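K.L.:
Chain by chain, the residues:
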Amino acid sequence: MGDENNILWKKVLGEIETEVSRANFLTLFKPTGLLSLEDGVASIAAPSTMIIDLLQKRFYQIIKKTVDKHTNMDIKIIFVPKIINHISKDKIGIAPLLEFAEKKTATIGHLPRVRADYTFQTLAVSSTNQLAYVSATTVAKKIGTAYNPLFIYGPVGVGKTHIMQAIANEVYRNDPNKKIIYTTSEEFTNEVVEAIRNNDTARMKRKFRNIDLLIIDDVQFFAGKDRAQEELFHTFNILIDEGAQIVLSSDRPPSEIKKLEKRLSSRFAGGLTVDIEAADFELRCAILLIKAKKYDIDLSIDSAKKIAEKAHDSRELEGLLLKTITVSNNRGVEITPELVDSSFNQQGTEDKFFFRPDEVIKNVCSFYNIKETLIKGPKRDSSLVKARHIAMFLLKNDLSLSYVEIGNILGGRDHTTIMHGVGKIEKLLSNKKFSEEMMGIKSLLKNNKGNTRGL
Amino acid sequence: MRVSLLSGNLQKKILFLNHAISTRSQLPILLNFLIEAKRGKLTISATDLDVGIITEVPAKIEKEGSVTVPAKTFTELTGAIPLDKITLETDREGLVLTGDKTRTVFQTAPADDFPKLYEEKGEAALTLKKETMASDFSKIVFAASPDSERPALSGVLIKEEKGGFLLVATDGYRLSLKKHALKNVQKTKNKDQVSLLVPSRVIRELIQMEKDAEGADIMVYASEEKNQIVFATPDTTLVGRLIEAEFPIYEKIIPTDFSTKTVFQREDLQRAIKAGYVFARQTAGIVKLSIKKDKIVVSANAPSVGNNTIEVDAKTEGEENDIAFNARYLLDFLSNATSDEASFEMTGPLNPGVFREIDDSSFLHLIMPIRVQQEG
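Each protein sequence line maps, in turn, to chains H and R. For the record, in the first sequence the residue sitting at position 232 is 231 according to numbering that gives the first Met the number 0, with numbers rising by one throughout. For the record, in the second sequence the residue sitting at position 80 is 79 according to numbering that gives the first Met the number 0, with numbers rising by one throughout.
One chain only, chain H, in its complex shape (with noise of 0.2 Å):
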């Protein structure tokens, strides 16, 4: 009901109380309002078809005459049966019982350790994360008895968090009751340090083995931990009998973990076993625009598609929609392809500045295991070939070499040569596959950068 109706309706009905007896006016004609006044005809809501009833056998021409004076149009008037609420929200009587429950509701959501944004709801799916979403959310319905334990494990940055949290919510939401434990192997670790020092391993005992869910994030930390080790493989078998969910997550799977017990990997491996891909760009499309409306933010798709291209995993996809946020607040323009790309070029700079062309190459052969003054020399294989061109690629995309400059650096090779393997890795980066490559050469060629500015 629009305000203009609401007040051509109290005018029509100041001018009709002076007209109709008391009685009328309170009992037939208060409970009434105008819901619309469109093409000629005015709906007016009353509460119940006998009001109806005796506002059209007895005042329908005195409404209409009202109304018509009132709009200067010849409008016809139609009864809806519909009660009019009239009473503020403020004026609504106190509920105790119904507070008591909306206090309750509050604390839902609320766990230790979980982000309670990190939901099922909130998590984007597709074909690379399909398998650990399915059977994390079977888990999350049927705790302790679908996959026990739940293992997942994927690189850094797939969701494998989010996913981990997301059963706590949905466990805690379905049954605040239950008693959820999410930690990580570090915290874990802690605390099997905290109770040997302070001779109190009964209460640490007590606390982990009494729970229905136990979420350990990042397994792969326990290797060379033996304490902790045997401490976790107690818990494990007695939460197992208990029939307690217990749900773990590792960077690789569990056979792969080093100087991991074998008693404890094959625990590990013992339930369901699901890794998670890194995310394909449709994926993380999809997780920029989530993450985009969690900031309020309108991303178009073209500017999510941009940025996707540019990030890899979802930390570096959120750092990246913060920068672009941040850019285009600063300049109080919208976010455009072209924005992000203007922003990106800068960040790009700060990134690449770090590396020398020798320390790219070094790299790209300790990858595929090939000796340097191959990748130099005039030799075709095919495996050459492609350790070559992705050479050719970094060194002109990442370090903006010149391509006469990186024909020098790769034994001298024409600059045409350059050109032409540059461009045949920017067609096969859109393959699935060949990106992971890419990535796995990216981050190793950050770690070694990171180990050698450490030293």
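If you're looking for bench data, these hints aren't it; they were derived computationally from the structure. What you are looking at is a predicted structure, and each value in this text was computed from that prediction instead of being measured. Any given hint could be a false lead.
Unchecked claim - Once the Cα atoms are required to be at most 30 Å apart in a straight line, the calculated DSSO-like pairs of lysine-lysine come out as:
hint, chain 1, residue 1, chain 2, residue 2
1, R, LYS115, H, LYS64
2, R, LYS161, H, LYS141
3, R, LYS120, H, LYS75
4, H, LYS81, R, LYS120
5, R, LYS12, H, LYS56
Since the structure of chain H is already known, use the hints to place chain R on it.
P.N.:
Okay, now just chain R, sitting in the frame of chain H:
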């Protein structure tokens, strides 16, 4: 109009019709009955615009017609004259009621001034069977708010669920809920899931109507578009509005756990609360229940009047606990419940307490406690 009938038949029907006459009504026509003799039937209608009642009275129609008469005088007179065959006839004077040795003339108003109670009933949604209907509704309707300031709290929600119907009502201080209610209800085929929020006033009248219905089924017609609900037995029809409001999310209010549970004889506690209410009445109705191992101690205290303590035998599991309630709410539950034994569950003096009937697990009643200062 000219009809002849037995005054006894008229008396029976007229009492219920008066439920739809509001003495506070501002419109004179609403203080009248509409008497209609049409198509071989004699019907009498009454309405206060919130609810309407139409009832058929067995009669012989000699001449069709319709008229309205003042409800109050008509009711009083028909109750006062001897049970006999009477005739009702309109003439220049008004409506003339003639019995063996009596003659009465009523002032009348034109039938046209009387509102039509409904255009059409709408689709039949349900058929209610007599057996458990009235007792099911009686356990629910008292928890609804009598005024309509917050519309949703003045209604009873009738919701179709797996394996039956759910009835629930709350006024914000207490809540009554019954699952698997309205046994043997017949649902009209192909109808969507039924979910109706019906004013508690209408439900109260429905319970009354069912008592008079002598075992007949009650058809339910609901039209959201017309904002109208109609309950009909073969001879009586009750018309009301539906409430257009979201019913509060009640699932969250119901505690899933308790730390104290006690079982007692319902009438014992009822008597104790009634006694406590003598004093509690002076202090906003507050009575305190102390749940002990083998008893419930009911105490009430009115500073300037006196105080009272009564023990009720009970079997308690879990910890001992104290809680305070408004005695009116306790009495409402205790008088509307039907089982001999009842139970009470609580988790703390500030959380809602749950009452149940021992022989009916599908029913529960929830009351918000009153926060009182701890003594000593």
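K.L.:
Next step is simple, just say for each hint if it's right about the structure.
P.N.:
Against the structure, the hints:
1. Under the criterion of a C-alpha separation no larger than 30 Å, the hint pairing LYS115 of chain R with LYS64 of chain H is consistent with the structure, at around 24 Å.
2. Proposed proximity of LYS161 of chain R and LYS141 of chain H is supported: the alpha carbons are some 22 Å apart, at most 30 Å.
3. Distance hint between LYS120 of chain R and LYS75 of chain H is fulfilled; the C-alpha atoms sit about 26 Å from each other, no more than 30 Å.
4. For the hint pairing LYS81 of chain H with LYS120 of chain R, the CA-to-CA distance comes to about 17 Å; that is within 30 Å, so the pair holds.
5. Of the supplied pair hints, the one linking LYS12 of chain R and LYS56 of chain H holds, its CA atoms being roughly 28 Å apart against a limit of 30 Å.
Going down the numbered hints, you'll see the structure goes against none, and every one checks out.
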